[in-house]
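A.B. asks: Here is how the chains run, residue by residue.
2 protein chains.
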Amino acid sequence: MQSSRSKPCSCPSLKLREVVSMYLTMVAAFLVILVVALQGSAPPRQSDFPYKVPLDPEGLLELSWNVSYPQQAVHFQLLIRELQFGLLFGMSDRGEFENADLAVLWSDGHNSYFGDAWSDAKGQLHLDSQQDYQLLEAHRAPEGLYLLFRRSFSTCDPKDYLIEDGTVHLIYGILEKPVHSLQAINTSALHGGLQRVQLLKPNISIPELPSDMKSMEITAPDVVIPSQETTYWCYMAELPEGFPKHHIIMYEPVVTAGNEALVHHMEVFQCTARFDSFPRYNGPCDSKMKPDRLNYCRHVLAAWAMGAQAFYYPEEAGLAFGGPGSSRYLRLEIHYHNPLVFKGRRDSSGIRLYYTATLRPHDAGIMELGLVYTPVMAIPPGEDSFTLTGYCTDKCTQLALPAAGIRIFASQLHTHLAGRKVVTVLSRDGRERQVVNADGHYSPHFQEIRMLKEVVAVFPGDELITTCTYNTEDRSRATVGGFGILEEMCVNYVHYYPQTQLELCKSAVDPGYLHRYFNLVNRFNDEEICMCPQVSVPQQFYSIPWNTFNRDVLRSLYTFAPISMHCNKSSAVRFPGEWEKQPLPSITERLREPGPGCPPSSEPQPAAPVPLNLGQLRR
Amino acid sequence: MQSSRSKPCSCPSLKLREVVSMYLTMVAAFLVILVVALQGSAPPRQSDFPYKVPLDPEGLLELSWNVSYPQQAVHFQLLIRELQFGLLFGMSDRGEFENADLAVLWSDGHNSYFGDAWSDAKGQLHLDSQQDYQLLEAHRAPEGLYLLFRRSFSTCDPKDYLIEDGTVHLIYGILEKPVHSLQAINTSALHGGLQRVQLLKPNISIPELPSDMKSMEITAPDVVIPSQETTYWCYMAELPEGFPKHHIIMYEPVVTAGNEALVHHMEVFQCTARFDSFPRYNGPCDSKMKPDRLNYCRHVLAAWAMGAQAFYYPEEAGLAFGGPGSSRYLRLEIHYHNPLVFKGRRDSSGIRLYYTATLRPHDAGIMELGLVYTPVMAIPPGEDSFTLTGYCTDKCTQLALPAAGIRIFASQLHTHLAGRKVVTVLSRDGRERQVVNADGHYSPHFQEIRMLKEVVAVFPGDELITTCTYNTEDRSRATVGGFGILEEMCVNYVHYYPQTQLELCKSAVDPGYLHRYFNLVNRFNDEEICMCPQVSVPQQFYSIPWNTFNRDVLRSLYTFAPISMHCNKSSAVRFPGEWEKQPLPSITERLREPGPGCPPSSEPQPAAPVPLNLGQLRR
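Chains as they are written, first to last, in numbering that gives the first Met the number 0: chain A, 0 to 618; chain B, 0 to 618.
A few of these clues could be false.
Remember, identical chains collapse to one label, so a pair may be satisfied in a single copy or spanning two.
Claimed, not checked - With a straight-line cut-off of 30 angstroms between C-alpha atoms, the simulated BS3-like cross-links for lysine-lysine are:
hint: 1; residue 1: Lys121; residue 2: Lys394
hint: 2; residue 1: Lys158; residue 2: Lys51
hint: 3; residue 1: Lys158; residue 2: Lys452
hint: 4; residue 1: Lys580; residue 2: Lys200
hint: 5; residue 1: Lys420; residue 2: Lys51
hint: 6; residue 1: Lys51; residue 2: Lys394
hint: 7; residue 1: Lys176; residue 2: Lys287
hint: 8; residue 1: Lys158; residue 2: Lys420
hint: 9; residue 1: Lys580; residue 2: Lys420
hint: 10; residue 1: Lys580; residue 2: Lys289
hint: 11; residue 1: Lys289; residue 2: Lys342
hint: 12; residue 1: Lys51; residue 2: Lys342
Simulated from the structure, these hints should not be mistaken for lab results.
With the rest of the complex left out, here is chain A:
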């Protein structure tokens, strides 16, 4: 069977040593071919890389990429406008330069090399034994050097980063001097930074858009970006008087050319219909001059963050705006991120809404899942990963969802500063069925509305379980649930259709059981924690001595005690029923953690740097 294949040349008698030698020679030949291939290829087409993000605040490094789900790989195109002696590009858990997975282009001043490397806990670089950033092309163009390389989502190399859904912390570093070897590089000495993106964009087919579609730009009116690192800019816009009900079916960012690296994220909020009018405003959101009434403009119509593309509603649904019972007033909020403190930059960015008067079959709705904003849910200080879970129970979905169910098509995860991971799982009959949305590298500084890879159908009786992981290593007292920036939240805003009355499906631990916990801690530890009614729950949490027992038992309490359910029509109105002391949903079968599946065996990549012919680089 094997012998029927043609041989490239006739070798009268093959011995094992010769075969090995042939193999090595072929690897060498392959490398030579690669070097040649890198020089003579056509420039890459723009359309091949639909996603684009600047890496640095000056926009000198620009990353474009595409995602191949069949290949389970990402193709990166890096444009380096001013190449010095190379650069590092890579990924790490939370954007740190230690324990990072890196593609490195470096030059000793004469020759240039490309390799897959990793940085150790001290930031020192090492060549990877397995080369998983595969260089496909290097090309000089008038605007700079293009590097095109490929990376599988998952490699078998334990030193490699696993590319997953959700946020990816990209890092870059500039080599400003020649380096004689990869091992001579230490990331701590480099000029560099981080950029958060959702690398694995969902592969969604764009719904057909109606012919009567109109658009409306909600943009900042020629704002001078303040010369400070962080500005939240607020601008009030108005819909025309008598603007009837429409469906927003798509929106996209409008970013002023040249400001791509400064406009971090933007949101359009609709104001409450409670007030007939709202004052005009155009200024920083934290200004004393900002009218208080603007705080009543909180209903999200559109949200965009760096690296995101247009947002499309599914063809069956649109987001209602205009018409009776809906405010004419909109608030645009832009987060300018200006770490280099550029002065006098003018900006007219914003969001372009596409809408239609031909209403689609369903209004889209937004539902809040997760934890109630209450101090009974607390995180001890000094925890590196403490989880809290909020439930939307079968009893609530049974009562509030239509028999045909709802379809969740997008999701926005939300915590305050201690949040590190968020995941919502759908469970049916005690068995976890599907991840609704998960972000294992969640950052509170990067809260996008994300279209889901797959629309999730939720039926009456289903359970939606949202778990947040927090890090409080930098805190010295307990972090309780609440609205404050140093308090915590655990929320998933899910976007779905058809809209129902259910606005909020969240839980918190039963306060009676929390009281038992305070009692138990008091007795077990011979401590004096005041149980008097005038002492607030936060105060009781602040007075707990956080030994391992009290930490562990709080964790056990949260995974055991009954819950108080908020199954609400609006934030204050519950559906009728008994919602106190409800049993925790019991899960008999969990979804398997996605293992680090190795890629289907591909060509072995040599564990050696690939030489590049880039000519001599500037000093």
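With chain A fixed as given, assemble chain B onto it according to the hints.
C.D. replies: Chain B in isolation, oriented as in the chain A frame:
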């Protein structure tokens, strides 16, 4: 650099497709060579495989192996005395045929193949995408077919078993009919079994043996092995009268030829010096005829289990026996494992002790680490892996060990039937430094004395922390600590020198804190657990409703509450000092779990079965 290597033939212009085609052709050529190589080689030498164990009770399958630490690989030589249509050989967590990692030799009646496979949760076989059992040789000899293959300790294939120190559960299955493909095999339909061995034998240089060394055989006097699956045979032997103090410096098994598959393990115990004489006995250990006094023969002199080799004491030490204060009486215990219920088999197996009158510098000693035998340490029912930890604290080692420290050179781990893992770690100044002995696949049915890979030095102030993992999924009530076979122990008998007065360095939770736990459980759960003094600790454990909270809090209690230390000269005499309500050792730095490090990139193995030319096999 690359182009300087000589090419086996000149190929004027290589394109990528051609390179790939060449590669594939070479793989094919390699296979053909392999088939040829398998036929014409010399028979393997015995000395290449120092370790040997029969796999089946009839001894038709015999495994020999060696361990290469530089290569991080095991070479297996399997002798198949009566080959039918192939066989399975492999490894799994606890000897089960599901989720196993298997090397498979199979024949469709005409052609034979070898491949690396895995079995799924239903026992169905699948070819591994990465072939990590590498066939090196297949050779027919008069006694049967020899298969020689190699396996790295660790592969990058998540389907593969990770070969670690400690017990490995080997499994085998016989193919009694031709099979048309690997996928047609289901392990549930096979005749097969399991054999436990320590695969990674330590690579210890054998100490020089003195010229005046003598030997003494303690063997069963022509015993007829009972025709029942399990027999513990007891035989009393005597040292000569006036036998002076000697040092045992080595011992080895003496197994009657033909009974290699029946003699499971053997131990020689010395009797207590409390009694001047002991009765003679030669019979089953559980016989009513056995004199009670034999229960006072429990001091281990030597222990051997299947697959083990000779045991050598380090050159600085020997195990004292003989002389004043030492009993002349020895008890030999042999575990016969006779699952096929052979009748009339005669056996004279035992242990050969090698000893010298020229005493070595140090007497060896045995110290018990782990948990005190007390019901306060309990395991809830229905747990798949519940851990209990026993401590030998800095305070005890400070008091009891000599300034120059002791050297641990061997270890015997011990639990009762629920034990699944045992590990002892040495900690110094709050930092875990070294694993003394670890078995992640521990079986209570395979308790060897194991020589350590590296001698462990323990100094005053060091801590020795022993953790046992239990499985109580088949139990309906709590398992408490104690002597009974359905109670549990967590012990590491460490063999060390120089001998000290410290015989026992073990701990248990403070009983007062356990009482607080019972109280807390009672209050929190609104349950009635009788706290009356007449109710025993086991009774209180048996009455606990085992919800997740009570389980979790027990776990938290054991990792938090102070301990009662047994820092004892003998089982009843403590060193002077305060040993109650001692703080738990605090560990600030843990040893890193050994990751599944991938082997240094070796030749890629094709993901296809290797054809073998074995001729037509018998039906």
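A.B. asks: So, against the hints stated earlier in the document, which numbers end up violated here?
C.D. replies: 1, 4, 6, 7, 10
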